[in-house]
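Residue numbers (the working numbering), protein chains in the order written: chain D, 112 to 1114; chain U, 752 to 954.
The hints are simulated quantities; they were obtained by calculation from the structure and are not laboratory data.
Everything numeric in this text was worked out from a predicted model, so none of it was measured.
A portion of the hints provided could be inaccurate.
List of simulated lysine-lysine pairs, DSS-like, C-alpha gap at most 25 Å [unchecked claim]:
no., chain 1, residue 1, chain 2, residue 2
1, U, LYS855, D, LYS867
2, U, LYS807, D, LYS867
3, U, LYS855, D, LYS389
Facing chain D, from chain U, some residues (calculated, C-beta under 10 Å) [claimed, not checked]:
no., residue
4, TYR756
5, ARG758
6, HIS783
7, GLU784
8, LEU787
9, ASP835
10, GLU836
11, GLU845
12, VAL870
13, HIS897
14, SER899
15, GLY903
16, THR918
17, ARG934
A short list of chain U residues far from chain D (calculated; beta carbon distances all over 12 Å) [claimed, not checked]:
no., residue
18, HIS764
19, GLU777
20, PRO800
21, ASP824
22, VAL867
23, ALA889
24, ALA904
25, ARG933
26, ARG949
Ideal Cβ placement from N, Cα and C applies to all residues, glycine included.
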Amino acid sequence: MSGRMRLPHGGQVDHNKPLNFTFNGKSYRGLTGDSLAAALLANGVHLVGRSFKYHRPRGIVTAGPEEPNALVQVGEDPRSDPNIKATQLELVEGLSAASQNAWPSVEFDVGAINSTAARLIPAGFYYKTFMWPASAWKTYEHFIRRAAGLGTSPSQRDPDRYDKTYAHCDVLVVGAGPAGLAAALAAGRAGARVVLVEQDHLLGGALLSASEELIDGNPALDWVRAAETELRQMPGVRILTRTIAYGAFDHGFFGLMENVTDHLEEAPEHLPRHRLWKLRTKQTVFCSGSIERPLVFADNDRPGVMTASAVQSYVNRYAVKPGKRAVVFTNNDSGYGAALDMVAAGIEVAAVVDARPMATGPLSERAEAAGLRILPDRVIVGTEGRKRVSKVRVADLNAEGDGVVGAVEEIACDLVANSGGWNPTVHLFCQSKGKLRWDETHACFVPDQAMQASQRSAGAANGSFGLASCLGEGAEAGAAAAADTGFDAGAPVAAEAEDRDFLPGRWLWLVPSDKPLGKKAKHFVDQQNDVTAADLKLALREGYISIEHVKRYTTTGMATDQGKLGNVNAIGIVADAFGRPLPEVGVTTFRPPFTPVSFGIFAGRDVDDLLDPIRRTPMHAWHERNGALFEDVGQWRRPWYYPQYGEDMHGAVNREVKAVRESLGVLDASTLGKIDIQGPDAAEFLNRVYTNAWLKLDVGRCRYGLMLGEDGMVMDDGVTTRLGEQHFLMTTTTGNAAPVLAHLEDYLQTEWPDLKVYLTSVTEQFATITLSGPNARRLMAEISDAELSPNALPHMGFTAARVAGVPARIFRISFTGELSYEINVPASFGMAVWQTVMTAGERYGITPYGTESMHVLRAEKGYIIVGQETDGSVNPLDLDMGWIVSKTKDFIGKRSLTREDMLKPDRKQLVGILTKDPEEVLPEGAQLVEQVLKEPPMPMLGHVTSSYHSPNCGRSIAMALVKGGLAKKGETLFAPLEGGKVVPCVVADSPVFFDPDGERMRG
Amino acid sequence: MVENYLRQSALAHLGLEGRAATDEAEAPVRLHERVLPAAVNLRGDSDDPGFLEAVKLAAGLDLPLAPNTTRGDERRAALWLGPDEWLLLHHDAEPDAESRLAAKLREALAGRHSAVTEVGESLACIRVAGPRAADVIAKGCPLDLHPSVFGGAGRCAQSHLAKTAVTLHQVSHEPAFDVYTRRSFSDYLWRWLSDAAREYAEA
């Protein structure tokens, strides 16, 4: 037996497949096809949580995503999810769930003291109470959060895998109820690519919970099954069940979350748990149905008080009796459907309390004919029962509907099914910025003008509640959507059905009680956020007028709730209080997500070593095998240094740096950006983008260039070589390869379209091996057929030759100040040539060096690194590089260099810095001051940009950007460091600390 | 003559050749590296009939002029990259095919404003084939790969796949796609594609 309240047969559950589950540690049995909520009700469990603020006992209210109370924590750490709605959670063998808003237990809850202290927790309580002192908020928040309880986050990393994908379709249909199925059929039959999204695991929508609807003369679910079969056979139709369309964005973009494995007892290893669909559609049909509105009556939050449609759903779909003796409370015809279905299921219906003067309407009349006790013109004025409703109190409603008269009758019951009307589910329509219209007849907001022309609404989501209307509108909208994407659907054929809706109704936003509002009873508007009618009225009395402000002040309809149950009631209560027509109050903003989504889907597989690309050079595997430690340079992973056994970074770098100066080092420089420049105007082009002159560079020669932005600030630097009369190879810094190419293309395409120049990135065409050191030429002579004499291949010269038998480009350029060759070979040969170099270089003690040693070596020479010595606010004159700035020609950034501010003598200028104590290495970023004050702040002159221990200079060296630094040479400055230490240092005559005449690299 | 065995493809370090042999022909998704493509990036004026004629003579291929179309077959192809830009590809070719093709083109285009640049060494090519190939690519590429939109076999496009820039070339209706990315990104892209294909591996 799967619960004492289970009907022996019927419904969309499998009575032969019981499932075991636990709730709050207690074991229960349910059936395959149950939601957790259905299985709990089948076991007679109504009490599922405590309310957010007052910790009142709360029960299951609905059977869908609008559930305000049955929010549970599912699973065990680390597979634990908060805020899952028990009404949407498919039961699976072994499921374990717990109430998330009760401590120590749902049966005995310490926080319930709040309930007796309720008068102390009015609307805006947090704003009023916890504001002072502001600094204490962090302390308050900790306790508020703990007491309020929103579930708990897992404490460990998520062990599951998540997927995300792009997708495209012609027609998106949201919701697979009668309207959605009809729309998908019409669009699919026309040949359109259709995505049909359904949050449930079954298609059919409200029909799954209906008792005796007919379509084309047959049971409605037969039609649903036939429609599903037909849709599944259409190759262009994709049906996504267990998928929530959580957000609608611009230009037909939708976010969907598919639950792939949560309903499986054992999730297969190869499947992701959830999947994010980033769907782009040309047309959309919203068939998202409607949500029944509860009535706002006194103490309407006791467990056992449910919406009438939820009761029908539990009885008809899940074969569960949510109670033994029920009272129906309604203000429209649809409440009687629940009464009739309950009678059919053997639930005693003690009375139907109807706020309308007369029980009119098709279902009302059938109930009357069936002999039910109907109490017209009456309302529930209160309820009783501690953890479950035990009785209701009923009285006559006055003519105005704002008070009660006469004697109060008490009716014993354990279930109250209530209906206050229906609201179309317009969340996605409104997220798409669609405008709503107030439908006076049905008392609800319905879609009016869609902001995105490609969007339609159909069926109950469009305010057309009858089954025939749903089928007809759905078919029509599906056909029209298909036609708008170029598919001829012909005249849509609508299935036939009855077309009754829930009229007539007597619309009450606030059901009066025999006690003053807010005294000894609470009228809940939003049970999830614990907002009462009295809270709303207090907000109005305190001067809030805009509904958006009332929402924020009272928190009604906030967060995961998004106003699904309470918003229209709240708006109605505010409108009545102001004495204004309801549509004038307006609606609050609908925001995604419609229901909570997991964070995992947004990460997808982009985690761990797929978080970001790791770019590898052709020689990367060698570096790994030889113990390199790596440094991230952009997305590249470059060897940082190569520690030998027992060596620390300092030791390794010292050894590498000395090896380069004393014999021979080798660097993998493949990451440098390389741009191939061809065309008759190539030299002219370079002349315009670099600060120096390029027209007269000889073929076979290299030149260093500085590139400025339009603002005159240094943007990039590098060596460019003239390979042919009309052919150049530019190198860029590693990190700037892509931005520089974009910058050059921008100018070429928009400013100088007359220049005949083509640019092609060739960064990765070549592996670049840099040999550097006094023995570089000797090794080159052994492995290359190039003519290497200083006359044939001088400093800043280029030749094409073979290296290790491989065709190569050899550039004699140097970033270390040593005799250097940069060898470019085709990338696929990079590893082979590197290995040949290493073997042949053994006799010279060839030493691979990484980026750290490269930095030290260039700093010894005073060479800048763009991005280290510069930060986008440094111009060439600041770098004391006026020698490279042409006075005679134009170039990008030139005009900016003459701005007054650029010529100020107190700009920060790059200078060499030497500490007075040669052993002291300044930290990079250290601030420099002229005078040390007792404590900060003190006037700062600038900061250290580069600082190293230089084994070749036998001391520390540094560079710094210092205000008016070029005029301060020889002066003493101070670097006040953390902890009170002060390092005195001197502005050097020059930042070139090693081989100032450059004889070594020119030799 | 340079020894070809010294060359290493972009994904050589993964030792894929042994694994590829175990791939089943019926698998919903099959990944493999097409090693060492020869490729030339060509820039020139498509309004100049002389340019088109010269390229045809030198490369033996008509240049596609409609956006995102290709000429040739899966072994030798010309891909449209822009109004004045093409990628000429030659798979399973001799090691010097790239430089010979470039030389022939340069000779044929001498005196005409154009640019011929060898780029095959900079490329990695990953073949994604099988009934779910498009689904795997769609996980990281925003393009609509449905034949009614993408155009089916013989179409190409430049986009991004995961966090890499790619050129896609649909080479068969199966479908099969050749995914070109820059060499340094190929290790990441291979691992990403393998992970994305995982859910179909056991289908």
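*Report the numbers of all earlier hints that the structure fails to satisfy, in ascending order.*
3, 6, 7, 11, 15, 16, 18, 22, 23, 25 and 26
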